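All chains should be modelled from the sequences, with the hints used to inform the complete structure.
Same order as they appear, the protein sequences are chains A and B.
Residue numbers for the first sequence follow my numbering, beginning at 1 and rising by one.
Residue numbers for the second sequence follow my numbering, beginning at 1 and rising by one.
Honestly, the hints are just simulated from the structure, not real lab data.
Hints are not guaranteed to be accurate.
Here are the simulated lysine-lysine pairs, PhoX-like style, with alpha carbons at most 25 Å apart [as the list claims (entries may be wrong)]:
1. A:LYS13 to B:LYS391
2. A:LYS75 to A:LYS38
3. B:LYS290 to B:LYS9
4. A:LYS38 to B:LYS314
5. A:LYS122 to A:LYS75
6. A:LYS13 to B:LYS314
7. A:LYS13 to B:LYS395
8. B:LYS294 to B:LYS174
9. B:LYS333 to A:LYS38
10. A:LYS38 to A:LYS92
11. B:LYS333 to A:LYS13
12. B:LYS70 to B:LYS9
13. B:LYS205 to B:LYS70
14. A:LYS73 to A:LYS47
15. A:LYS46 to A:LYS22
Ranges of calculated distance between the beta carbons of each label pair, as one might list FRET restraints [claimed, not checked]:
16. B:GLY243 to A:PRO33: 28 to 38 Å
17. B:PRO17 to A:VAL79: 45 to 55 Å
18. A:MET100 to B:ALA15: 15 to 25 Å
Some chain A residues close to chain B (C-beta under 7 Å, calculated; not the full set) [said to hold, decoys possible]:
19. TYR4
20. THR34
21. CYS60
This structure is a prediction, so every number in the text was calculated from the model and none was measured.
Every residue, glycine too, gets a C-beta built ideally from N, C-alpha and C.
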Amino acid sequence: MNIYQEQILEHYKDPQNYGVLKNATHRDYALNPTCGDKVCIDMHIKKNIIQDIAFSGSGCAISQAAASMFTQKVKGITVENLTMMNKDDILKMLEIELSMNRLKCGVLVLEASHRALHNPIKL
Amino acid sequence: MQTINYKEKFPMYVAHPDLIYLDSAATSLTPQIVLDKMNDYYTQYGTNISRGVYSLCEEATTQYELVREKAAAFIHAPSDQEIIFTTGTTHSLNILAHGISPDESDMHILATAMDHHANFVPWQNRTKNFEVINIDKDYRLDLSNLAKKITSKTAVLTIPLISNVLGTINPVQKIISLAREINPQIIVVIDAAQAAPHIPIDVQKLDCDFLTFSAHKLYGPTGAGILWGKKEKLQNIRPLLTGGDMISEVSSSKTQYRNIPHKLEAGTPNIAGIIGLGAAIDFIQSIGLKKIQKNEEMLTKYALNSLRKISGLKIYGPQDANDRAGVVSFTLKNIHPHDIASILDTQYNIAVRAGNHCAMPLHIETLDIPATARISFGIYNTIEDIDTLEKGLYKVSEIFS
Ligand SMILES: Cc1ncc(COP(=O)(O)O)c(C=O)c1O
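Right under this line is the structure:
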């Protein structure tokens, strides 16, 4: 299967929610050591809702497009709903099949987001 | 020059007739002749070694010990008793890092900026006094930096004979004589994991103290390898593993170890794997390393020329094809190497490696990039493989334009 679908390439070339949040309340990152992919997540959480989210980092088209699409998807949902999301949600979102090794790239944003939930910024 | 086609000797090409395998530096494909030899062990004389007096066990022991002679001849070691069977380069290097001068905790150990993690992390863990030799702009070891860092106190110098990322063939013989001039006591370790399948090795000419390589990069099986060392140096190594086969006498109050090589070979080894390694050495010798080397030089030159034509493609490694091996790492514009590898795989059936190739310090600290794509050659590769690669890379470029 060609994993470089239009949608993936578009998000890769023109990522959404890319950058950092000045008012972030939670922040963390995840790495893929075999390829050096990195996704950092900033979130602004208030009243148990992901009010705002942004990502930064670098890596392959899959990791970066997934981060772009994921941040769009989770903006406005509850902390519990974000916690419950898993790799199947990522695959459904990307609409492609990924081999075991490439799956790591796809779920990097999920890992970074879950880590960030546990990593509130101390003011 | 005509390339020789060895593909038919490798059953992987029967299962995947269109495969273009360009990742032999990670692991080479295995020829039928090696598989047959291992199958013979399991089907004809699959018993333990050294532990029985019945004839099947004698046969297993004989076949196993024969590999010691083959390996000694392969690297021109003066004695087959200096050949230690290990599970591979990583295991060998851990034996050394653990076992050299075991009572010293802060000895000065020097590695290089182009080392594989296997020749980096064990040494770094071993001492507080670990240093790294830089590489220069042409991706070679900086010999003046090396001369500066070696002192009369340096205990160990460890160098890869060939870099698994840059393809650089290090002038090891020259380096060793330079090192011994500064410090005659220095122990020199050579990581020959990438070199053994590609260039002839003579440990006596090199005058190193230890040298190691893995079977699986040499058309042999995984989980088998060689550690060679000068006899008296091996004798001084504290064993990493202790247990059966490596002892001469055990009582409740004390244990006496056997001599080398057995002292460093505790437990039942990978017998079929070692026998497979012997067959792999035979396979290589039957073709001749000089011929293999010549063919790979031709492929490397051809590949460098093909790749240089592609706009935005940057090669990391010595520019001159003459003293580099058949390993070429590159980046293409700002396209992530993972994406390059995925597209080559799914659209062209080309297997290339993407990532830091177990050389994170080199990528992050010296090359200043997180990852590269890497092609590497084995005896089955042809000019047509490289032509398809070139086509594939143009396609990659187009997808991300
Ligand atoms: C230069 C070098 N050293 C060491 C190793 C480790 O070898 P193994 O994984 O067989 O132990 C490799 C293999 O990737 C290598 O290329």
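Comparing the hints with the structure gives:
The hinted pair formed by A:LYS13 and B:LYS391 meets the criterion: a straight-line CA distance of about 23 Å does not exceed 25 Å. A C-alpha spacing of about 21 Å is found between A:LYS75 and A:LYS38, which places the hinted pair at or below 25 Å, so the restraint holds. This hinted pair checks out: B:LYS290 and B:LYS9 have alpha carbons roughly 20 Å apart, not beyond 25 Å. Our distance criterion of 25 Å between C-alpha atoms is met by A:LYS38 and B:LYS314, whose separation comes to about 22 Å.
Straight-line distance between C-alpha atoms of A:LYS122 and A:LYS75 comes to about 22 Å, which keeps the hinted pair within the 25 Å bound. Distance hint between A:LYS13 and B:LYS314 is fulfilled; the C-alpha atoms sit about 21 Å from each other, no more than 25 Å. Distance restraint check for A:LYS13 and B:LYS395: the Cα-Cα separation of roughly 17 Å lies within the 25 Å cut-off, and the hinted pair is therefore satisfied. The suggested pairing of B:LYS294 with B:LYS174 holds, with an alpha-carbon distance near 23 Å, which does not exceed 25 Å.
Pair hint B:LYS333 plus A:LYS38 holds up; C-alpha atoms about 19 Å apart against a cutoff of 25 Å. Taking the CA atoms of A:LYS38 and A:LYS92, the gap is near 22 Å; set against the 25 Å cutoff, the hint holds. Using a Cα cut-off of 25 Å, the hinted pair B:LYS333 and A:LYS13 holds, with the two alpha carbons roughly 14 Å apart. For the proposed pair B:LYS70 and B:LYS9, the alpha carbon gap of about 22 Å is at most 25 Å, so the pair holds.
Restraint check: the Cα-Cα separation between B:LYS205 and B:LYS70 comes to about 18 Å, which is no more than 25 Å; the hinted pair holds. Between A:LYS73 and A:LYS47 the CA atoms are separated by roughly 18 Å; this keeps the pair inside 25 Å, and the hint holds. Between A:LYS46 and A:LYS22, the direct Cα distance comes to roughly 14 Å. Compliance with the 25 Å bound is thereby established for this hinted pair. Under the hint 28 to 38 Å, the C-beta atoms of B:GLY243 and A:PRO33, about 33 Å apart, fit the expected range.
Distance hint check: the CB atoms of B:PRO17 and A:VAL79 are about 52 Å apart, consistent with the given range 45 to 55 Å. Against the hinted window of 15 to 25 Å, the Cβ-Cβ separation of A:MET100 and B:ALA15 comes to about 20 Å, which satisfies the hint. Taken as an interface hint, A:TYR4 checks out: its beta carbon lies about 6 Å from the nearest beta carbon of chain B, inside 7 Å. With a cut of 7 Å, the hint placing A:THR34 at the interface with chain B holds, because the nearest CB-to-CB distance is about 5 Å.
Hint status for A:CYS60: holds, given a least beta-carbon distance of 4 Å to chain B, under 7 Å.
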